[in-house]
Amino acid sequence: MNERLTIQDLTDLLAAKHSMTKKDAEAFVKEFFLLIEQALESEKTVKIKGLGTFKLIDVDSRESVKINTGERFQIKGYTKVSFSPDANLRDTINKPFAHFETVVLNENTILEDTPVEETEEEEEEASEEILVPIVEDNNKKEIQENTPNLIIEETPAAKEEDSSKEANIIQEEQTAEQFVEAEVVVGEPIVTETTITEETVEQQLKVQPLSETNKEEKVEQKEFDNEENPIIEQYQQPEQPVKEKERITAEQITEQELLKANLKPEIPIVLPKEENTIPVKLAQAVVPSSEKKTPAKETKEKSPVPYLIVVIILVLLLCGGVILFIYYPDLFSSSSDKSTFDMPPVTTQSVQPEAQLSDTIEYKDTIKKVTPDISKTVVTSQPVAKKEEVTTPAKTENKAVQQPLASTYSDSASYKIIGTKTKYTIKEGETLTRVSLRFYGTKAMWPYIVKHNPRVIKNPNNVPYGTTIQIPELAKE
Amino acid sequence: MNNKEFTSELAERLGYTIKDTSELIGSLLSDMTQKLEEGNMIVIQGFGSFEVKKKTERISINLTSKQRILVPPKLVLSYKPSNTLKDKFK
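Sequence lines, in order, name chains A and B.
Remember, the numbering used here sits 13 above the position in the first sequence when you count from 1.
Remember, the numbering used here sits 14 above the position in the second sequence when you count from 1.
This is chain B alone, in the form it adopts within the complex (with noise of 0.2 Å):
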């Protein structure tokens, strides 16, 4: 499913108009993001958890080249789903 096909799907479940949902998820978004950059967990409780890691730098090899490469630090935003979610899908 694509970002259109959710969108108008969501539209149609809550009695919104298209438009109006798209703003709505826009901004929900975008809320998100800024906690989470806040360093913030979010949690939604039957879905899953957002949180930022950070992962430390590390040195990787190619092993075709065999290349030392030196791979920065980054925080890398992760998902974790619950368990209700992970036993449905089981």
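Just chain A, same shape as in the assembly (with noise of 0.2 Å):
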């Protein structure tokens, strides 16, 4: 490879072939190559087969600049000499190359990869870390203040990619939301006097008669839930005991759970205000959702026809989720993770009713913080479609997710605060439970900060940014 040959070792191969001495062969391909020079000087034109075809070209003169002084001159004219190859010969030099083909290119053709694969493994890995935080607390609000920590992690391209399906669970969550404010909406004009039954029971901290009367009630609710059609008048009447309930549990537990924490005197001071603006707000609207959606409730409130259309979207949904579930399975398994705390309060309670009152708290502390954000990050106009695949799901999961949720956070209340920490300023945008978050790992401890700063935090639910609050350290029981 890449020698270089002479006339002597073409004729020592030629000689080889053709049992001719070395001196006849040599003397041969001179020949041979003189012959072709005195041809070329003759008649200009010398085409030998299997080689090409040799040229005397005339070049004509021509002007041109001399490059260091920019003096014009004359080249003269002369001949060249030009070889084309035989075609036969071009083809068999050509051989390795001979596969490739002119392509005709079309105007947008990009001519460098773009990275589409990669793009792609960051996409599966983003996913993956969400759904570990899922899998390890079983809770949907955390998953949401996990995400943006995880993106800080992550690389930028990794980042879109979590936006957007952080923008989903978003998603998934108002749509949850919808469908709690709609079950509200329908019972909302006994509201007002529930509330206050509400209350004195509260006063008179008569826990366990209360629950049990509401019990029945749940069972009835369980029902239609788990039939998924209920027939609207009856689905109505259950319904809003079954949220009183809720609040008037939510309040009792954070009673007990302060109770059970700590034994200061500040905690009654804590708790009366809980268990009013709570109230408050239940009545008028469960969720304390955005200004948008509270107008919206109210018309409904005035027609039946809504809560049509929302049954028939239920119907819609679950095929919509079936039809999910089966083409993406990873999808449906987190987005049901995450939907399903908003879900669970209508029929976990009923189940176990005692063990899981602890939970009631957490459920609503995430339909409250999903809120905001929803107002925030989501477009008001949303594909009727997403909704549906995600709603469905999470009601047919319920019960399963209940245990864990169970278990995880009957925990919370088994602390005690035995000192302070450290002093931490609230950050714009942040909440307790993202403080909580922060220096515990869990949104479920923001209690006892509200228990430990009974002076700073008059209202838990809005607590302004730049306030100094100090961190309770906190021991297990």
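Some hints could be false.
Here are the computed lysine-lysine pairs in the DSSO-like style, where the Cα-Cα straight-line distance is at most 27 Å [claimed, not checked]:
| id | chain 1 | residue 1 | chain 2 | residue 2 |
| --- | --- | --- | --- | --- |
| 1 | B | Lys18 | A | Lys30 |
| 2 | B | Lys104 | A | Lys68 |
| 3 | A | Lys43 | B | Lys67 |
| 4 | A | Lys68 | B | Lys18 |
| 5 | B | Lys18 | A | Lys60 |
| 6 | B | Lys49 | A | Lys108 |
| 7 | B | Lys102 | A | Lys57 |
| 8 | B | Lys102 | A | Lys93 |
| 9 | A | Lys79 | B | Lys102 |
| 10 | A | Lys60 | B | Lys102 |
| 11 | A | Lys57 | B | Lys94 |
| 12 | A | Lys108 | A | Lys62 |
| 13 | A | Lys60 | B | Lys68 |
| 14 | A | Lys43 | B | Lys104 |
| 15 | A | Lys62 | B | Lys33 |
| 16 | A | Lys68 | B | Lys88 |
| 17 | B | Lys100 | A | Lys57 |
| 18 | A | Lys35 | B | Lys49 |
| 19 | B | Lys68 | A | Lys108 |
| 20 | A | Lys108 | B | Lys69 |
| 21 | B | Lys69 | A | Lys60 |
| 22 | A | Lys36 | B | Lys49 |
Hint data in this document are derived by calculation from the structure and do not stem from the laboratory.
No experiment lies behind these values; they were computed from the predicted model shown.
Need the complex rebuilt from these two chains, each delivered in its own frame; the hints are there to steer you.
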């Protein structure tokens, strides 16, 4: 390879092939090329089969410019020898590259490959990372708060995917929330009355009887939920008491939690506030939803038609969910985990009233947190199809998810404050739950922060940013 | 001068028959082709050199139709006349 062959090599080859003396062979080769030369001289073209055509080409004289001086001068015409190989020879030489063909390019053809594969991999990674916290915490709100953290660690490319995922989550949450709202709307006329009774009951602190009475109603309600095709009128009536009971239990839980955790005199001060604020909010709109939503709710209140539509949509959702589950099992599992958190309050309490009391407060919390996010991030108009896919799976998987939830959150009541860990100034957009997540790894610890800062935190639902709070050191009881 | 004329002329000069000459020419050229295919360079003193060169792919544009055409890479046999030959024809 890449040797320089001379006449000597050619004569050797030729001599070996034809059993002729090297001398003869050399004479032949030399004569061969000499003849070409002479023939060129005499006839200007020599065509040799198997090699090609040699030609003498006249080059006209032309003008040029000397590079250094810029002076014009004449290049004299001359003749040059050109060689064009025989078609056969050309093809044999080009054999290694023969399979290439000329291609006509489109105008927009991109010649450099775009790194499509990389982004796909990152997307998968991102989705995995999102799934992990779900499994660990079984808490929807945590997922939301975890995702931003994850984003920081990931590459900017992954960020985009994360945000889109988040958007999905938010959509799911919103749909779930709307569902809850719709239910509430139906029962709303009664709400004012019930809240009053709630308060009185709470003041007496008769926890047990109340939960018992409501239990029966819940059982009914649960049946409807499972059937998925509730008759509207029946649905409305049981629905309302359930909601109320959620509130009540939630408040009771806060009381219990605080009582268990600490016996300080501040507790009573905090508790009444919570009791007051929560019922009021409940009466208005179970979920403290964004401003956009409340007017919509009022319109719904007046006519039963929207409710019918909701029921129809639910059926469609179920179909959509099944299809989604078949084709995208991964997406389904993650979304269902998230969305279950909005749904459980309806069914869970009837099943495990005592054990899960502590849960309900978490649920409420999630709902509250979610709504502001929606108003910020999600554009008002949303495709119905997406909603459908999400809400239905939530219902079907409710029961399965309940158990782990109960176990993780019942723990949150069994801590006591043993001192001040550090001070922390709340930043803009931060909530107590977010602070709790930052310091304790779970959002469930926010009541302890409230308890530890009775003077600073007037209203735990609205802590102005810039407020410096003390983060309590917690120890398990 | 075409191939036939060339062969007869060569046979006459060397005293071989035309048949033998064409045979010899054929084997000489096939040897050369084989060596060139292997990537070797053939240099003939006083005449010039034969070499296989690789032309890289390129995009050519058809001026009339404005079409862009991707021309694939290819191997080309190039002949470079020796200086003595060049001077002779100048």
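Status of the hints after comparison with the structure:
no., hint, result
1, Lys18(B) <-> Lys30(A), "23 Å, holds"
2, Lys104(B) <-> Lys68(A), "14 Å, holds"
3, Lys43(A) <-> Lys67(B), "25 Å, holds"
4, Lys68(A) <-> Lys18(B), "17 Å, holds"
5, Lys18(B) <-> Lys60(A), "9 Å, holds"
6, Lys49(B) <-> Lys108(A), "14 Å, holds"
7, Lys102(B) <-> Lys57(A), "13 Å, holds"
8, Lys102(B) <-> Lys93(A), "10 Å, holds"
9, Lys79(A) <-> Lys102(B), "26 Å, holds"
10, Lys60(A) <-> Lys102(B), "20 Å, holds"
11, Lys57(A) <-> Lys94(B), "17 Å, holds"
12, Lys108(A) <-> Lys62(A), "19 Å, holds"
13, Lys60(A) <-> Lys68(B), "24 Å, holds"
14, Lys43(A) <-> Lys104(B), "23 Å, holds"
15, Lys62(A) <-> Lys33(B), "14 Å, holds"
16, Lys68(A) <-> Lys88(B), "23 Å, holds"
17, Lys100(B) <-> Lys57(A), "14 Å, holds"
18, Lys35(A) <-> Lys49(B), "19 Å, holds"
19, Lys68(B) <-> Lys108(A), "12 Å, holds"
20, Lys108(A) <-> Lys69(B), "14 Å, holds"
21, Lys69(B) <-> Lys60(A), "25 Å, holds"
22, Lys36(A) <-> Lys49(B), "21 Å, holds"
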